[in-house]
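Keeping their order, the protein sequence lines are chains A, B, C and D.
Sequential numbering from 0 applies to the first sequence in numbering that gives the first Met the number 0.
Sequential numbering from 0 applies to the second sequence in numbering that gives the first Met the number 0.
Sequential numbering from 0 applies to the third sequence in numbering that gives the first Met the number 0.
Sequential numbering from 0 applies to the fourth sequence in numbering that gives the first Met the number 0.
These aren't lab readings, by the way, just hints derived from the structure by calculation.
There's no promise every hint is true.
Since the list gives no way to pick one copy over another, a pair counts as held whenever it fits inside one copy or between any two copies.
[Stated by the list, open to error] List time: in silico SDA-like cross-link candidates among lysine to any residue, alpha-carbon distance up to 20 Å:
id : residue 1 : residue 2
1  : K207      : E260
2  : K207      : G77
3  : K207      : S257
4  : K207      : W321
5  : K207      : L313
6  : K171      : W321
Protein chains: 4
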Amino acid sequence: MTERMLTVGILGATGAVGQRFVALLANHPWFRIGAVMASERSVGKVYGDAVQWHLPAVPGAAVREMCVTPCTPDGREGLDFVFSGLPAEEAVEIEPLFAARGIPVVSNTRSHRMDPRVPLVIPEVNAGHLAIIPDPSRTGDRQGFIVTNPNCATSALALALDPIHRRLGVRKVMVVTAQAVSGAGFPGLSVMSILDNAIPYISGEEPKLETEPCKIFGCIHHDQIMVSDMVISAACTRVAVRDGHLMHVSVELNQLASRDEIIACWDDYISDIHGLGLPSQPERSVEYLDVPDRPQPLLDRDRGQGMTVTVGRLRECAVLQWKFAVLGHNTIRGAAGGAILLAELLTVRGWFPRS
Amino acid sequence: MTERMLTVGILGATGAVGQRFVALLANHPWFRIGAVMASERSVGKVYGDAVQWHLPAVPGAAVREMCVTPCTPDGREGLDFVFSGLPAEEAVEIEPLFAARGIPVVSNTRSHRMDPRVPLVIPEVNAGHLAIIPDPSRTGDRQGFIVTNPNCATSALALALDPIHRRLGVRKVMVVTAQAVSGAGFPGLSVMSILDNAIPYISGEEPKLETEPCKIFGCIHHDQIMVSDMVISAACTRVAVRDGHLMHVSVELNQLASRDEIIACWDDYISDIHGLGLPSQPERSVEYLDVPDRPQPLLDRDRGQGMTVTVGRLRECAVLQWKFAVLGHNTIRGAAGGAILLAELLTVRGWFPRS
Amino acid sequence: MTERMLTVGILGATGAVGQRFVALLANHPWFRIGAVMASERSVGKVYGDAVQWHLPAVPGAAVREMCVTPCTPDGREGLDFVFSGLPAEEAVEIEPLFAARGIPVVSNTRSHRMDPRVPLVIPEVNAGHLAIIPDPSRTGDRQGFIVTNPNCATSALALALDPIHRRLGVRKVMVVTAQAVSGAGFPGLSVMSILDNAIPYISGEEPKLETEPCKIFGCIHHDQIMVSDMVISAACTRVAVRDGHLMHVSVELNQLASRDEIIACWDDYISDIHGLGLPSQPERSVEYLDVPDRPQPLLDRDRGQGMTVTVGRLRECAVLQWKFAVLGHNTIRGAAGGAILLAELLTVRGWFPRS
Amino acid sequence: MTERMLTVGILGATGAVGQRFVALLANHPWFRIGAVMASERSVGKVYGDAVQWHLPAVPGAAVREMCVTPCTPDGREGLDFVFSGLPAEEAVEIEPLFAARGIPVVSNTRSHRMDPRVPLVIPEVNAGHLAIIPDPSRTGDRQGFIVTNPNCATSALALALDPIHRRLGVRKVMVVTAQAVSGAGFPGLSVMSILDNAIPYISGEEPKLETEPCKIFGCIHHDQIMVSDMVISAACTRVAVRDGHLMHVSVELNQLASRDEIIACWDDYISDIHGLGLPSQPERSVEYLDVPDRPQPLLDRDRGQGMTVTVGRLRECAVLQWKFAVLGHNTIRGAAGGAILLAELLTVRGWFPRS
């Protein structure tokens, strides 16, 4: 039986995250771009003219010549679902309009992440949370809904914690980041602010890192997500790195464990999508590097085409119990790539039928 | 009564720390450089030719034309004391030779820092530790000894902690750094290693940050320094910043305190050298900035001519009690400047008599 | 006879150039800031709140608490003259309004630079061009006028050429730049555009470099400036340097000369303000460094408090005759500092009387 | 007929160029690495331990576990030829030893580049120069010889000039570069030298850029290469870019031409390897981009897998006739990639028989 390609729209297609969606969906085996939607400023232009492209790989001709249309669900019957890379203040209104019209939204925006009726999902970690979406097999009608993927730093942190959490229970987490400039979008930071500098503050970031993992590690109760009681303290720094969020993490666990046992958690990790072979799923979702000075953004961010989170430097912590370093590609795993992987999971689970 | 200038030697004068000594001693009101000492490779050349100078301000003509001599105490009777910016593996042998010949050593090197009979001193924090040096007034003979100043990151951390520690008692510390490249000396890091990158490891740095503050906050017992039982966990990152070590710090205190009370500790800090007006003493040794995104290396490292440690972002910590950001200039406060301030203190306390 | 302080206004005081004016006028011996003027967005705020300050040195309390007022000449009788750091599209209308009301404008903006009735002056190079301004001694009334200083790259290039041009005549110039990011103002360039990158284009820059020096080296004819017939070809590159425009220059001269004779032009340069001792005048306006790898932005931009232009690497050119490297601080010599030096010259020449 | 894989050795395999050879030869369809040769320091270690790898992609397991052997031709009968990434001072002695033993050397080193009996070849530009190597079909014996590829900056410059030179004749060239730090190898430049800086000097680089293109555009005379009389003036700058040499070029041509005619030279370029389809040959060897601010290292260096040279900004030059910007990937097209393409050409022309 041949399976059809799904036609997807991109909300906020000209922004930094939108560009990553366009880049990563080129040649996708299941999804093809059917609409690039953006703000008034861009509407009516062809995408190639509307976008100030800043990724090395150029978008393909088909997308470049697509006309940018407004972020409205009117006349979008041809779309199977949409990806959203909208700014939060726009997403809060626009995304529900699509959902209400039966067009599912896979959103990379923070607006609905902490809504207990909206799943916040890293496929490897909490695929089960998708169960709170109306069952696709039971209803004849097309269903609209919103699912979200987490903040860029949360994506890396939660994936690095999950293998330990499953076996040993993570009770407390202290995380301090060194985050890449692409996280601020484009134009984002002025070079005057960051060349020969580091900034110990990223607006709104620490609360996300302290709450989103608790929801991801939470459980379903009466069709809502209840947050875990994991305690997290986060401090965030911006550094002059293009891509890749690096973080030092200290943890207190529920169970005592040796260094080898903890490394084995990462080495033997069986995730929620183990063996599914989704198109964007890396060979290894988490990889521990047993060398003294890794992971590093420049050397490790592109592992698994940017979808592998890298861990290193596991050692004892004098204040909590263990500490280690974590790295994730913020605009791939932590944004568009994570959202695409989530859409792939929704596809194989039946929410986006291909036949 | 006119006071004479003291004549000082610099051990390791051509290295990164040595260059900072030369730069900071230009126009010093009490000290003048009498000898620039370095390794075989440089001996016999004039300083201007021997050094690969990498600071913006050029050394004065007098120093540039001084002949580089070997790191030996022979014939050094004319020196009142020496500063040492030697590599640790050389300092361990050379510094005691000078001390044994009656030439005091003010050392920026790690070799003798943790020796309980050698004071490890930040003048503001633990000037009292100098008491374990033989009393200058009681002996007629010239006394040799070694005193040390701490690691660059420790200097900033301990100064930031001291005002809180005095009033409220600091029990546990978690510190994660973003450290400047000048800390690695010259040539130090290859640009290939750090451009568009950050490295979550600095060889030997974490143990220093976890032990040196405990000695600085320790007490004298039988003419030795006993370390404090403060518990410190450190994680270090190298970032693409020229100067200025930035760190996120979380603490647990002995006493409960409000945010205002903690800020008052910094605002009202009375240090061990309060009011002494030493030439290198900044108007404020620690300064709290009540703005959301500071301190930053580029904007704050030069406060107090690089001698002021800046603190910001005090807020509650979900895992310990409070967290904040700290910045110190690593090659001034954290190296040559700190050592010069220490020598100034030794001078006014009588160890280096000027009359 | 005591001389009074002159009270100056700053047009565009919150922008990148405006901030440099504020920083450089702190503690100026002749000028004190009497008004900080900016766009609607800032009007009514105190300067300290209106400005997103990005220079290491903070503005003094007096300026920080000054109220930002609109860019209009109404009620400005208290100002002796104004400095303008306005964007060109605003300067074109606003500056003449001030001049018409008798308030002289010393402008760093390009709008009127090429107007033959407006002097475009580097004090060392063409102080004589000020002669086309109405003579201050002959008229009883207060006179308004506009004088301009050149583009940042032109400032360095023309100063480096002037000593050779005076003795040997420069006929043709090929110049290729590597320009600092501060030249684009603040926020200016996104870090995403320039980290690990260089951009071989700066909007509008090449025409300025090809025409402004010709006006500076031009002569007065019927109270207008006639441009020189020097032929200049320029190519501009933006690089990841904070401050300091570096350029490679090749020249064809009217007269044959040896390498030593050309270096002597720079070493023995007698400029138009030789010996005047203006407050912002550096000891040496142009300095030749006879070492293989200089000038460099990091090491040489701050010579003469940013007012000295540095030259190096004089060698034969296979296509023209000689080539060399030039460096100038773009936001000091090339902007606010150059304009202040020009105002100082206007002061001693009688246009801004201090008694 | 099945064709066999050729077994190649790499001289200087642990250095910066050597690493690129290893990376680019992974999965090469014709060549497989049979020996990694390096200096005493590395000999006896497995390659993975001997090398301080600094490229994102890690070397494959097969190479990582290969034993590093000394740079001697003894016992190298199994090698079809060797690539050399040796430092020049070692290459000058070692490469001829291999050639003398019948092992051809494809060298990326400068040592023999200007020897009139050694071809200096960019396959697209002067494949014909290989004719001075002894004809492989005429001699039964295995022949040793040395062929070289040009300096990294020359590679880009000569490829950009060739399409114009063929049709219109290039008489004079002025080139000013902004070169990437990887050109200095590893560790190469200290980050202290180049962060927030640019250096207007690269040791030995300008003479290479002024002479190598003249040899490449030269002709064969009595089995030697005679250099062209093209006149080139070069000035070189190091900037904080990882990879990609950018340059501004001005030219004087033998024939008058319009802007469109010159762009047509690049658009319609028929190179010496047109249509050969060599494995490392990019779809387009030279590509003109008709946008205002390109080429840029970050955005364009990876075109054609780093083998395409990009040109932009063609405009009139007031001093010569035309000027434009050029970009080439210095460690791929300008080093290992260029040498591999050359070896591929030698293979199809019969010097390295595969059957």
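Evaluated hints:
1. K207 <-> E260: neither (30 Å within a copy, 28 Å between copies)
2. K207 <-> G77: So K207 and G77 fail the 20 Å test inside a copy (34 Å) and across (52 Å) alike.
3. K207 <-> S257: neither (31 Å within a copy, 25 Å between copies)
4. K207 <-> W321: between (23 Å within a copy, 19 Å between copies)
5. K207 <-> L313: This pair counts as between: shortest inter-copy Cα distance 18 Å, intra-copy 25 Å.
6. K171 <-> W321: For K171 and W321, both the intra-copy (11 Å) and inter-copy (15 Å) Cα distances are at most 20 Å.
When the structure is compared with the earlier hints, violations turn up for hints 1, 2 and 3 and for no others.
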